[in-house]
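Spelled out from the first residue to the last, the chains are:
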Amino acid sequence: MLEFNDVTKIFNSDLLKKPFIALDKVSFEIKPGEVIGFLGANGAGKTTSIKMAMDFIRPSSGQISYHADLGRDKVDAFKRIGYLPERPFFYPHITGREFCHYMGSLSEVSRKSIIEQIQYWGPRLKIDFALDRVIKSYSKGMLQRIGFLATLLHRPKLIILDEPLSGLDPIGRKELKDIITQVNKKGVTVFFSSHIISDVEEVCSEVIFLEKGKLVFNGEVQKIINEHLKMESIVRYVKEGKVLTHKVADNEKRNFIESLIKNNFELVSVTPEKPTLEEIFYKVKSS
Amino acid sequence: MMYLNKIAIIAYYTFREIIKSRVLLNTLILGLVLLFTTYVALSFTYGSPERVTLDFGMGMLSLSSVGIAIFMGVGLLSKEIESRTAYMIISRPVKRSAFILGKLLGLGSILTLNIFILSSFTLFLYFFVGGEFQPLILWTILFTILESLLVLFIVALFSLLAGQAISVIMTIGLYVSGHAIHSAKEALADKSIVLNTLLEAYHYILPGFYKLNIKDFLLYQKELPYMYLLNIFTYGVIYSVALILLSVIIFERKNLD
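As you go down the protein sequences, you meet chains A and B in turn. Heads up, the first sequence is in my numbering, so the first residue is 1 and it goes up one at a time. Heads up, the second sequence is in my numbering, so the first residue is 1001 and it goes up one at a time.
Just so you know, the hints here were simulated from the structure itself, not pulled from any lab data. Honestly, I wouldn't trust all of these hints.
Unchecked claim - No farther apart than 27 Å at their CA atoms in a straight line, the calculated lysine-lysine pairs in the DSS-like style are these:
no.: 1; chain 1: A; residue 1: Lys126; chain 2: B; residue 2: Lys1020
no.: 2; chain 1: B; residue 1: Lys1254; chain 2: A; residue 2: Lys214
no.: 3; chain 1: A; residue 1: Lys283; chain 2: A; residue 2: Lys253
no.: 4; chain 1: A; residue 1: Lys186; chain 2: A; residue 2: Lys174
no.: 5; chain 1: A; residue 1: Lys157; chain 2: B; residue 2: Lys1095
no.: 6; chain 1: A; residue 1: Lys140; chain 2: A; residue 2: Lys177
no.: 7; chain 1: B; residue 1: Lys1254; chain 2: A; residue 2: Lys18
no.: 8; chain 1: A; residue 1: Lys17; chain 2: B; residue 2: Lys1254
no.: 9; chain 1: A; residue 1: Lys79; chain 2: B; residue 2: Lys1095
no.: 10; chain 1: B; residue 1: Lys1079; chain 2: A; residue 2: Lys79
no.: 11; chain 1: A; residue 1: Lys140; chain 2: B; residue 2: Lys1020
no.: 12; chain 1: A; residue 1: Lys79; chain 2: A; residue 2: Lys157
no.: 13; chain 1: A; residue 1: Lys140; chain 2: A; residue 2: Lys174
no.: 14; chain 1: B; residue 1: Lys1079; chain 2: A; residue 2: Lys74
no.: 15; chain 1: A; residue 1: Lys239; chain 2: A; residue 2: Lys262
no.: 16; chain 1: B; residue 1: Lys1222; chain 2: B; residue 2: Lys1185
no.: 17; chain 1: A; residue 1: Lys74; chain 2: B; residue 2: Lys1095
no.: 18; chain 1: B; residue 1: Lys1254; chain 2: A; residue 2: Lys25
no.: 19; chain 1: A; residue 1: Lys112; chain 2: B; residue 2: Lys1020
no.: 20; chain 1: A; residue 1: Lys79; chain 2: A; residue 2: Lys31
no.: 21; chain 1: A; residue 1: Lys136; chain 2: B; residue 2: Lys1079
no.: 22; chain 1: A; residue 1: Lys126; chain 2: A; residue 2: Lys186
no.: 23; chain 1: B; residue 1: Lys1254; chain 2: A; residue 2: Lys79
no.: 24; chain 1: A; residue 1: Lys185; chain 2: A; residue 2: Lys79
no.: 25; chain 1: B; residue 1: Lys1020; chain 2: A; residue 2: Lys136
no.: 26; chain 1: A; residue 1: Lys212; chain 2: B; residue 2: Lys1254
The following block holds chain A by itself, in its conformation from the complex:
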């Protein structure tokens, strides 16, 4: 749907200072139907990449292209892309409902359809109660919710979210993650940046890692986890009425289980130990 080919972005903020390379020959592709997590520490180049994808800033070299299924040109493609910026701030003196009508009409959505979408997503995003309040009275979480609602108004094929979960409380994060999954099930491709790896692991099928402007990894979450599987298992067994756990290397697993059976301990489970995406991320980063 969206492709980065050798994209480099260099910022020359000051004549006397060394140019800053925010992105260094980054290539990746957003495939349809997936939830793609865009991971990296603060300053890794995630927001810069998203800004270039949305044509707010232009790459110093390389190409960003939208596939034909999104549209003929940039403006046409934006009819099918929904975007939510990081720390969104909207027009403070208009109401949430007016804001939705504003955004919807710019996306060429009929008034009837805007109303339907507000009625559908408003309660799901738990923002329906505040739609007739002026936006300046909204909390950070409410801004995020109304922004997300505006992102979905025109039934986009691809949504690009820049740190959508920041500023939300744990319940809000869970709700938004559920909605991301729900939206994806309706066939919408979701691309979202985050520096919270557990969020990405929970929701995404694919992941793109950036580190200091360079692409570190791009692929399926399950694949990267399998590649970094530890050769260890967790064995749970009952000894003197208590459930105990023991971590054992795979080559010693058989002997350990045999010794448990021999000593009449009840075996509860044997599960291969999977690393979390976070552990893999730090491992890749340090290597």
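Could you slot chain B onto chain A? The hints should help.
Chain B in isolation, oriented as in the chain A frame:
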């Protein structure tokens, strides 16, 4: 058609946002202050109360609309970029040129409304004290609108190139010199050929706000030829279009970070 529709949508919500921010409430208060001060001034005046009314009213009209144009115009585009509200619009199927035209049209409508409100107060008082209708009143109001729009387009253009404080200072500088240039030319031109050339060059390149100031002709009930007025109007429109085009070209190429 869709392009014009999007300009209209952006202009409508810009207008609405400013209206709701209660800027026009200040205009109404200013209108009431204008009525009061003119009334006070009239009680100290002997002779032509209608001239005093027009002088006060038109002066206030010009100052308030130029003030709104500068202080709201400087943030019209730069604040949108800083606070990322522009991202929400440009990430929709909207051309950057439509965004900038819509924003300028929205604030331009506010300026026009402000001038209509204040001129209504002035004209009410003018007719109340026995003033008679002159076509030049309408031309003065029209030129005040044009002047404030020119100031708006200048400050918006500067705000795309420089910080807000510098943009305001440069715009005020251009506004003041644009009014003073004519007198300066008349007073200094004969003294030096170089100075004369410089003033002549300024005259052709930078905005000649003095051309739009026909208040003296109105106050002293002097006639101005229709063609002269039309020429000034055309000058203001062409200058405005040039400023808008320049802003669009810069905004199209600008990195919004």
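Hints and how they fare:
| no. | hint | result |
| --- | --- | --- |
| 1 | Lys126/A x Lys1020/B | 26 Å, holds |
| 2 | Lys1254/B x Lys214/A | 25 Å, holds |
| 3 | Lys283/A x Lys253/A | 25 Å, holds |
| 4 | Lys186/A x Lys174/A | 19 Å, holds |
| 5 | Lys157/A x Lys1095/B | 20 Å, holds |
| 6 | Lys140/A x Lys177/A | 17 Å, holds |
| 7 | Lys1254/B x Lys18/A | 22 Å, holds |
| 8 | Lys17/A x Lys1254/B | 21 Å, holds |
| 9 | Lys79/A x Lys1095/B | 12 Å, holds |
| 10 | Lys1079/B x Lys79/A | 25 Å, holds |
| 11 | Lys140/A x Lys1020/B | 22 Å, holds |
| 12 | Lys79/A x Lys157/A | 9 Å, holds |
| 13 | Lys140/A x Lys174/A | 16 Å, holds |
| 14 | Lys1079/B x Lys74/A | 25 Å, holds |
| 15 | Lys239/A x Lys262/A | 13 Å, holds |
| 16 | Lys1222/B x Lys1185/B | 23 Å, holds |
| 17 | Lys74/A x Lys1095/B | 9 Å, holds |
| 18 | Lys1254/B x Lys25/A | 22 Å, holds |
| 19 | Lys112/A x Lys1020/B | 25 Å, holds |
| 20 | Lys79/A x Lys31/A | 18 Å, holds |
| 21 | Lys136/A x Lys1079/B | 16 Å, holds |
| 22 | Lys126/A x Lys186/A | 20 Å, holds |
| 23 | Lys1254/B x Lys79/A | 22 Å, holds |
| 24 | Lys185/A x Lys79/A | 20 Å, holds |
| 25 | Lys1020/B x Lys136/A | 12 Å, holds |
| 26 | Lys212/A x Lys1254/B | 25 Å, holds |
The structure fails none of the hints (numbered hints given earlier).
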